[in-house]
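Q: Given next are the chains, with one letter for each unit.
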Amino acid sequence: MSRSVALAVVLITLGLAADMTAAAAERVGIGHAISPQDFAAWDIDVRGDGAGLPPGQGSVTQGREIFSQTCAACHGDKGEGRAVPGAVGGFDRLVGGFGTLDTASPTLTVGSYWPYATTLFDYVRRAMPFNAPQSLTNDQLYAVSAYVLYMNNIVPEDAVLDALTLPRVKMPNQEGFITQDPRPDVRSKP
Amino acid sequence: MVKPHAVKGTPSQQLPDRRAVLKTGAALSAFVGGASVPSLSMAQAATGLSLTVPEWMKVQGRGILSPPYGVPSPFEKDVVRRQREVRVTDTAATSFSPLQNSFGTITPNGLCFERHHAGVPSIDPDRHRLVIHGLVERPLVLTMDELMRFPSVSRIAFLECSGNTPNWKSVNPDFGVQQTHGLLMCCEWTGVLLSTLLDEVGLGPEAKWVLAEGADAAAMTRSVPIAKALDDAMVVYGQNGERLRPEQGYPLRLLLPGYEGNMNIKWLRRLKLGDQPFETREETSKYTDLMPDGKARQFTFVMEAKSVITRPSGGQRLSGGPGFYEISGLAWSGHGRIDRVEVSTDGGQSWHEAQLQEPILSKAVVRFRAPWRWDGKSALLQSRAIDETGYVQPRHGELVDVRGVNSFYHYNAIQTWSVNPDGKVAIHVA
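In order, the protein sequences belong to chains A and B.
According to the numbering used here, the first sequence is numbered sequentially starting from 1.
According to the numbering used here, the second sequence is numbered sequentially starting from 1001.
A portion of the hints provided could be inaccurate.
For each label pair, taking beta carbons as the anchor points, the in silico distance ranges come out as [claimed, not checked]:
no.	chain 1	residue 1	chain 2	residue 2	range
1	B	Gly-1119	A	Glu-175	17 to 27 Å
2	B	Pro-1205	A	Gly-86	37 to 47 Å
3	B	Lys-1286	A	Glu-175	18 to 28 Å
4	B	Leu-1230	A	Glu-26	12 to 22 Å
5	A	Val-84	B	Asp-1293	28 to 38 Å
Calculated directly from the structure, the hints in this document are not laboratory data.
Just so it is clear, CB atoms sit at the ideal spot from N, CA and C, and this is done for glycine as well.
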């Protein structure tokens, strides 16, 4: 091999290697920048502290109407849930169960168990009514949330909820959660 | 070297000494009691078979491409996912994998369990998008084609629903391993490390949690701690050599090896970085563990070590009468590799180390096997897993002593199958 050919081979090899290490170290550079306006329709989450709550408002009275028309068929007129003959489980009960969490038959509902009122708004917004998810307006969402909380005696009958007042609703079981995983908590020996 | 553990009491069924098995290289010669191998003529007499040339040797078989996408033999038609009970909807529902028919460790794509909260969406991959935003420097939207251009990785990992094995209060005498443990799968997953995508968008210094959201009609959401996201989390599009099945999140799902199934968000469309958990319904109302004092544990993500014998298991029968049977099952741990599995045939009085099939991978299912000579008497079959952290799969009593019976999720106690003298195997009702 002549010296010049050898040099060329070395240079080509180095060049390739440099291309590949550079590709590994840098950002890949694939994908498109997106602005908040572009994905506003997707940005629907509402956090425990209320971050993400949209403008709008709704009252218990308005919520009663919405609930009876769009929710009660499955969850019962008073949010008591509904059994279906031949099926296990039934439709979730949304109301009551207070004082049962440390008993042999705990009843977990929005009222007795959920730590944040905002979670109700977030969940109904993304998943309910089950037969037509993401169909309620923000006002309707505030109203139906208010009504479910009212049925649980958590807000008064004249309550009107919005982005400011909903996060301030104190849920009965807010202090009921241990957020640090204590496992391994069961120590068996071989 | 493998060594059988000290035997307490008088075991009615003995597991052969594995050293002897390995030394002779022939399992059959190692049995206690020295029963003889049934002769071929005996086998013929027993089954009524006379060895004539079957019709399928006298004609050409099916041609290629019939069908183009292969399906199991029609004789395997009972090896299917099953529902355990009728629920109020079939879209917020669960189907169970037939572990009793499983071999090795990989779950075939068509048998992977299903847990949906709003059914299986029909997603056009060309219209699917992944958005990454929140506390990042460069919010990004990615098409599937773009995601598949990123540096890719493959890994084998198990995925278990934390609601698997409803044995807290009582056992259902009719349940087999499909119903008790069928919310488990193990697949080879291919996709992009989430850390690669997070490098691409540039993590903000306050980013501590990632909200992952699905494109189903539940818009399923869970919060994932940033440490997990940067460790071994992936967004995956490949499953056992092909694209994800729709039931498993086609075209894109989150994979969090070792974490409870629900967090492995299917149909992944959005990742939002935040400085605190988002407190979604699925991490408050559900997937929290209620303790006897009325307090609930939240953010209990890792699936601790667990194992189960899949053969023989509830609903099966030791059809050949007394003699040799292989005890075989699955073990897994969300904390890493399985270190060893022990098997008992006397309800946990004595334990014997099972053989583990290589390769033994971190956060993947491992197949264990132990040869057994059944003496025709009642037996109680159990397995227990010990993982690389030294954690020992607990007995039922040990588990409920600490957690009570109302925590619903994360049941991982030892499972017992009882063998009757007539050969029937059923879940053991204590």
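Q: Compare the structure with each hint and give your call.
A: Results of checking the hints against the structure:
no., hint, in the structure
1, Gly-1119(B) - Glu-175(A): 17 to 27 Å, "violated (36 Å)"
2, Pro-1205(B) - Gly-86(A): 37 to 47 Å, "violated (55 Å)"
3, Lys-1286(B) - Glu-175(A): 18 to 28 Å, "holds (19 Å)"
4, Leu-1230(B) - Glu-26(A): 12 to 22 Å, "holds (19 Å)"
5, Val-84(A) - Asp-1293(B): 28 to 38 Å, "holds (33 Å)"
Violated hints, in rising order: 1 and 2; the structure is consistent with all others.
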